[in-house]
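So the protein lines, in turn, are chains D and R.
According to the working numbering, the first sequence is numbered sequentially starting from 40.
According to the working numbering, the second sequence is numbered sequentially starting from 6.
In case anyone wonders, no lab produced these hints; they're calculated from the structure.
Glycine is no exception: its CB is placed at the ideal position from the N, C-alpha and C atoms.
One thing to keep in mind: the hints can contain errors.
Label pairs and their calculated CB-CB ranges [said to hold, decoys possible]:
1. R:Arg133 to D:Ser132: 18 to 28 Å
2. R:Cys42 to D:Ser70: 45 to 55 Å
3. R:Cys42 to D:Thr234: 24 to 34 Å
4. R:Glu48 to D:Gln191: 46 to 56 Å
If you want the footprint, here are the derived chain D segments under chain R, 3+ residues with CB under 8 Å [what the hints assert, rightly or not]:
5. 157 to 170
6. 188 to 201
7. 246 to 254
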Amino acid sequence: MLILGVETSCDETAVAVVEDGCKIRSNLIMSQVDRHRRFGGVVPELAARCHLEAITPLLEAALREAGVRPQEIGLVAATYGPGLIGGLLVGLSLAKALSLAWNVPFVGVNHVEGHIYANFLAHPGLTPPLLCLTVSGGHTNLIYMAEHGVYQVLGETRDDAAGEAFDKVARVLGLGYPGGPAVDRLAREGKPEITLVQQDRLAGTYDFSFSGLKTAVVNLVHRLEQKGEPVPAADLAASFQGQVVSTLMERTWRAVEAYQVNTLALSGGVAANSELRARFTEEAARRGVNLYYPPLDLCTDNAAMVAACGYFRWRKEGPSPLDLAAAPRLRLT
Amino acid sequence: MTVRVEGGARGFAFPGALLTRPTGYANLKKKYGRMGCCPVRVEKQHDGTVRIWSENPAETEELGVVLGGILQPGDLFFLSGELGSGKTLFVRGLTQGMNCTELATSPTFALVHRYDGPLPLYHLDLYRLTGPEELEPLALEEMIEEEAALAIEWGEPAKEVLAAPYMEVEFRRGEAEDERLITFRPAGERYRRINHLLTEELEKQAQR
Numbered sequence: 040m041l042i043l044g045v046e047t048s049c050d051e052t053a054v055a056v057v058e059d060g061c062k063i064r065s066n067l068i069m070s071q072v073d074r075h076r077r078f079g080g081v082v083p084e085l086a087a088r089c090h091l092e093a094i095t096p097l098l099e100a101a102l103r104e105a106g107v108r109p110q111e112i113g114l115v116a117a118t119y120g121p122g123l124i125g126g127l128l129v130g131l132s133l134a135k136a137l138s139l140a141w142n143v144p145f146v147g148v149n150h151v152e153g154h155i156y157a158n159f160l161a162h163p164g165l166t167p168p169l170l171c172l173t174v175s176g177g178h179t180n181l182i183y184m185a186e187h188g189v190y191q192v193l194g195e196t197r198d199d200a201a202g203e204a205f206d207k208v209a210r211v212l213g214l215g216y217p218g219g220p221a222v223d224r225l226a227r228e229g230k231p232e233i234t235l236v237q238q239d240r241l242a243g244t245y246d247f248s249f250s251g252l253k254t255a256v257v258n259l260v261h262r263l264e265q266k267g268e269p270v271p272a273a274d275l276a277a278s279f280q281g282q283v284v285s286t287l288m289e290r291t292w293r294a295v296e297a298y299q300v301n302t303l304a305l306s307g308g309v310a311a312n313s314e315l316r317a318r319f320t321e322e323a324a325r326r327g328v329n330l331y332y333p334p335l336d337l338c339t340d341n342a343a344m345v346a347a348c349g350y351f352r353w354r355k356e357g358p359s360p361l362d363l364a365a366a367p368r369l370r371l372t
Numbered sequence: 006m007t008v009r010v011e012g013g014a015r016g017f018a019f020p021g022a023l024l025t026r027p028t029g030y031a032n033l034k035k036k037y038g039r040m041g042c043c044p045v046r047v048e049k050q051h052d053g054t055v056r057i058w059s060e061n062p063a064e065t066e067e068l069g070v071v072l073g074g075i076l077q078p079g080d081l082f083f084l085s086g087e088l089g090s091g092k093t094l095f096v097r098g099l100t101q102g103m104n105c106t107e108l109a110t111s112p113t114f115a116l117v118h119r120y121d122g123p124l125p126l127y128h129l130d131l132y133r134l135t136g137p138e139e140l141e142p143l144a145l146e147e148m149i150e151e152e153a154a155l156a157i158e159w160g161e162p163a164k165e166v167l168a169a170p171y172m173e174v175e176f177r178r179g180e181a182e183d184e185r186l187i188t189f190r191p192a193g194e195r196y197r198r199i200n201h202l203l204t205e206e207l208e209k210q211a212q213r
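Isolated chain R (complex conformation):
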């Protein structure tokens, strides 16, 4: 049985969201296994910025799972951070949390991957682009109009083109080798609200 949700926790109308897992999910879970636990060190700042310390790759992925559960159509995330800092792993978590039919793999070669699910996700890596003029054929606006969520790595040129509020997620190396400091900087009320929900959910998970 599927249950339709009329309004999400964020107060947006979210018709069509399915509470049940899509059929492929059980197999995916069997194939890929469940990852570790959520990051527990979370710091909220006055301007709405949230800093999260991830101790290992499994926590980074799980953070994506939690965020994936609260995404809405049109959500736009820019991910920055050097090679190997966990950007794609985080998006892999997103696809899990969003109940997509496939888990994310690196989009570096193809530039764009689209993941189907109750809410589709576009995952882009614009590293290989040499200028904003090369964005045009990617038709970013259409992705947003399609009521999907977007996660864009190396997305500087796209920020100007899209001219929409977004969340900046920065991945930085921590003190320990596997540790990462992940900073969520919201641009606009919509993204401050996401940060609020995200920290709430992380606190809930930490208490379990």
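This is chain D alone, in the form it adopts within the complex:
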């Protein structure tokens, strides 16, 4: 079966065609960067209007690239939350309209659940139960997946998402946007020897807090600038990144033990961080746990993961009602 996936929950407009929930036939993303290039000017990056302008050409391109005619599509999947209401409505409305026009079932997908399915796309042999750590600009979740469609959210961020903390620290250190890769690069030249936060106030829980770490970096930079001393940007980047990864490691491996899983999956844009990958890989090898992470283009927001997730949802529960509403604060249950 061919599944059409649509993702418009944040800045990225994405459409994909996936076969049987695991084989990518096309996977197109229109990011702000592309948009600037293709339209030859600055286009407001956030407006729902942009999703609206991008989505029809993207749909046509995704079908064309997959070599698929509309009547061959058997299921339409779209993200219905969490995300920005304006964007969600564009993707959701398109998917519902196509479902009616093509007379095929429609299924709504939770964006956070979609990120987990990026791993099923990249590693077709993967099966639950597993633990998934999703770390991106908008989400930080530690999730136990008992079987397809059955989840327990063990921990989430209480303030800033991991990727957001990277972006904000990059801003303070003058590294530009996106902050993740910039901090990653600079951290390689620094020593992770600055203690930024003394105490883990969420110790014993699976929740995360990165705001205090971010504020510690801001405070330190501010203090040095006031004294007229140089800011050791590389050491700060290395220390900040090291402490983010340490927190993620501590929560995750404690959960791996508590839930006795031997499969761990990483997803989200921060899963592309080199130190994070290296340290998780090393620890996984030491413990004999199977570690999976998707390639970069499936780590970040995309529609192939939405199609894959929608396929499993539909097989388990059937189609979603056509009056399914966009849910900006949707939780994974």
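Since the structure of chain D is provided, determine the placement of chain R on it from the hints.
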């Protein structure tokens, strides 16, 4: 049992406000714990401005809790201050004081978070916006018409669009590393009244 309040301390009709905690609150409190005590250094100025010194993040959050208890539908707050100055932490306190079903987390990525409760709260971070024309799809007016309260970070472009009275809350770094000076500048009588109630409540808390 729930008790309905017909008029709040601010003299606005406030039908539908529930005195009992929503069911999720006990769990939330268990999960997140109760924060520290209120800031005690408070200074009122002649023009209605109120300056509050917060000694640490816990006090900033608790200040939000106290203010959350006196908010009314349509209240509009603009929060300014550099990264890490406590804006989101303050809003997290608001969601606690307003008995929302969830506590606020950073809205930077999603731009808008909506928190359900007896009085809903919209929490926005407009840092990523590049101009006022990008505000349109956010439908700010509808949020106010919905009888919710609004807290907007980096909200300069929204001030012109909304053209309504508001409270400006400025977060500045204090002398000590964790210290913050939080200034409440009211634009309009409605917000001077909030400042009055806020200082009254802080004084009450300080005496406990």
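Exercise for review: Could you tell me which of the hints above the structure violates, numbers in ascending order?
Suggested key: Violated hint: only 5; rest satisfied.
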